[in-house]
Amino acid sequence: MDPAIILQGQGLTMRFGGLVAMAEVDFSLRKGEVLGIIGPNGAGKSTLLNIITGLYVPSSGEVRLSGELLNGQPAHRIVAKGIARTFQSSRLFADLSVLDNVIIGRHTHMKTGVFDAIFNRRKADAELDAAAEIAERLLKAVSRELHAQRHRPAGELPQADRRRLEIARALASEPKVLLLDEPSSGMDDADTDALMDDIRSVCAERPDLALMIIEHDMRLIASLPQRVLVLDYGQKLAEGTFEEVRLIPRVQEAYLGRKGAQHAQA
Amino acid sequence: MTDMTVPARATLGTASGLALVALTEVAGAAFLRQFLLVDDWRAVVGLLALFGGALVAMQRLPAIEAGIEQAFGANRRFAVLLGVAIVLAFPFVLQNSSYALHLLIIAQLYAVLALALNFQLGSANIPNFATGASYGIGAYASALLALHWDVSFWLALPASAVVATIFGFLLGIPSMRTRDSYLALVTIAFGVVVHQLLNNLEFTGGPNGLVGIPAPELFGHSFASPLVIFGHSLPPQANFYYLSALLVGVAILFAGRLHHSRIGLAWNALRADELAARCQGINTTWYKVLAFAVDAFLAGFAGTIYAFYVGFISPDNFTFLVSVTIMTMVIAGGMDNTLGVIVGAFLLTLLPEKLRAFSDYRILFFGITVIAFLMIRPQGIFPQRLRRYGG
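Protein sequence lines correspond, in order, to chains Z and G.
The numbering used here puts the first sequence at residues 26 to 291.
The numbering used here puts the second sequence at residues 4 to 394.
Just so you know, the hints here were simulated from the structure itself, not pulled from any lab data.
Some clues are possibly wrong.
[Said to hold, decoys possible] Short, incomplete list of chain G residues facing chain Z, as computed with Cβ under 8 angstroms: (1) R260; (2) A275; (3) R281; (4) G284; (5) R390.
[Stated by the list, open to error] Reference excerpt, derived from the structure (chain Z facing chain G, CB under 10 angstroms, subset only): (6) A105; (7) A109; (8) D120; (9) F144; (10) R146; (11) E158; (12) R194.
The beta-carbon is built from N, C-alpha and C at its ideal position, and this holds for glycine as well.
Just need the whole structure built from these sequences, with the hints factored in.
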């Protein structure tokens with residue numbers, strides 16, 4: 026096995042009753058690589074993310090992080106092992122402050138239990154203050170504007186800032202692999218450009234971080250990922266650079282329909 | 004916004020801040036005293052109107068609330084010391100009324116129960132209708148220990164809290180398979196089962212309950228005898244007043260420390276979005292069970308003090324209605340706000356007593372309170388606050 030491969034999936038199949046949401050999908054992700062995942066609605070993109078993060082247990086197949094089998098481990102333990110994610114419809118802790126959201130992202134790096142919290146105040150406070158400091162730095166690095174709003178409830182943020190906050194929260198767990206589920210959904214072009222710059226700077230600061238991005242915005246897919254994986258009806262349709270993948274007739278069919286694809290090739 | 008508060012806080016750290024803290028606390032205590040001693044229901048309604056007016060003023064003029072909050076934040080130590088002094092001195096200004104002291108004890112026990120439930124309902128949004136059952140388990144466990152094995156109050160107190168916590172875990176584990184309304188149903192069922200068992204088991208005395216629980220003793224002083232301090236004699240209830248006040252203090256300490264820690268954050272995350280919480284590495288099952296255990300632990304303490312205070316307990320003290328009352332206190336007072344929950348507990352314990360003229364309508368009164376609060380001020384009297392870091 027290629028030692029640079031950090032996350033690998035083999036023969037991933039997901040059945041919900043009679044419905045096959047994913048069939049025999051293989052993928053691999055190297056250190057420092059950005060992998061784009063595209064496909065029409067219902068192609069199984071989010072299913073793949075849910076399998077990797079432990080929200081779904083695949084019917085068959087396996088997911089390995091640095092060779093360690095992840096299947097069947099609960100979601101909270103998978104985060105501790107180094108896989109963080111964001112959600113398509115941003116799922117922030119809306120009634121908590123921006124800063125609290127990021128501090129919660131550091132949950133797996135804190136140890137305070139009930140007894141420490143009550144009887145060993147000094148230790149618990151020191152740990153929480155340290156987490157707050159790291160969270161502040163992280164917010165500042167992701168976006169200065171967001172940092173300025175750190176004491177506001179997260180629910181009051183505009184859409185673009187929510188996405189940034191979700192990324193900051195995911196980064197707080199110091200992941201090896203970061204999964205972004207449609208980060209640009211609901212954004213206009215200007216916001217998407219800003220988002221791409223943010224993602225680039227996040228990657229530049231963390232050369233080893235591997236990224237997996239589900240996207241519909243082809244501008245983003247064309248410029249960020251080194252490799253693209255195309256899913257359709259729960260199956261892997263193609264894999265390669267965006268330039269290669271976009272020319273494959275079946276990919277065009279999946280996106281444009283048969284007629285549209287013929288036009289595109291003509 | 005934060006930049007503006009810094010100079011303001013600096014100026015309020017001086018004499019005016021201290022005066023504001025003292026004024027707020029003394030005014031609160033004076034209000035409570037009047038409320039406890041007043042008899043005529045018209046006067047009660049007048050005092051309530053005053054309280055409501057103060058709330059409306061705070062809502063209309065957020066500057067007042069912010070000013071008071073800042074003063075308390077800047078003079079924390081002074082506020083705590085003065086608060087403790089007021090609590091200690093309070094029985095001396097009650098004209099030796101044992102009834103007023105009795106009401107205070109019950110209100111304080113309910114404050115502890117409401118704070119216990121707040122860990123679940125307020126922090127983690129777990130609708131637990133079994134706090135009354137945990138209260139009962141604590142009361143029965145300590146009473147049985149005292150009656151059958153002559154265990155002293157001071158040993159029965161922690162022992163019964165442990166028993167209640169074990170039952171809390173037992174309730175928590177099956178509850179994890181359900182959520183929301185189904186979870187509420189499981190806890191209701193647990194409460195009913197506990198009540199039925201207490202009613203039908205032989206060793207719990209059946210419907211007659213347990214009688215003759217001995218009063219606690221401390222250094223040869225029996226809690227059943229009047230408390231003499233500096234030549235001033237207070238009714239025997241004063242013993243239990245101080246004891247339950249101490250328990251409220253412990254509960255506040257627990258609440259504050261857990262809230263401002265990784266655990267409180269995890270509970271809040273769970274409340275806001277359980278799936279997202281799991282994806283931040285929070286073991287949601289464990290944190291839910293933990294909330295059940297902490298709730299039962301504090302409720303067990305309150306139950307023990309109640310059993311030894313009244314000296315006689317029966318299953319009817321720990322019905323489903325008790326759990327509903329506690330839940331009302333948390334909702335009306337303010338979810339996830341310690342002060343709010345305590346105010347809610349006092350208000351809902353004292354009001355029905357003070358409005359005895361309408362005692363037949365007590366349940367109706369609770370129903371109306373809940374509906375009114377959910378409509379007018381869904382966040383409660385004192386809503387939840389955002390956390391602050393680094394002093």
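Hints versus structure:
This hint holds: R260 (chain G) has a C-beta 5 angstroms from the nearest C-beta of chain Z, less than the 8 angstroms allowed. With a least beta-carbon distance of about 4 angstroms to chain Z, the hint placing A275 (chain G) at the interface is held under the 8 angstroms criterion. Here the hint on R281 (chain G) is kept, as its CB sits about 4 angstroms from the closest CB of chain Z, short of 8 angstroms. Because the smallest distance between the Cβ of G284 (chain G) and any Cβ of chain Z comes to about 4 angstroms, under 8 angstroms, the interface hint for this residue holds.
Given hint, R390 (chain G) at the interface with chain Z, holds; its Cβ is 6 angstroms from that chain's nearest Cβ, closer than 8 angstroms. Nearest Cβ of chain G to the Cβ of A105 (chain Z): about 5 angstroms, under the 10 angstroms cut. The hint holds. Below 10 angstroms, beta-carbon pairs count as interface contacts, and A109 (chain Z) has one with chain G at about 8 angstroms; its hint therefore holds. Restraint check, D120 (chain Z) versus chain G: the minimum CB separation of about 6 angstroms is within 10 angstroms; hint holds.
Among the interface hints, the one on F144 (chain Z) holds; its C-beta lies about 9 angstroms from the nearest C-beta in chain G, closer than the 10 angstroms criterion. Residue-level restraint check for R146 (chain Z) holds (minimum Cβ-Cβ distance to chain G is 6 angstroms; threshold 10 angstroms). Look at E158 (chain Z): its Cβ gets to within about 8 angstroms of chain G, closer than 10 angstroms, so that hint holds up. Evaluation of the R194 (chain Z) hint against chain G yields a held restraint, the C-beta minimum of about 7 angstroms falling below 10 angstroms.
In terms of the numbered hints stated before, the structure departs from none.
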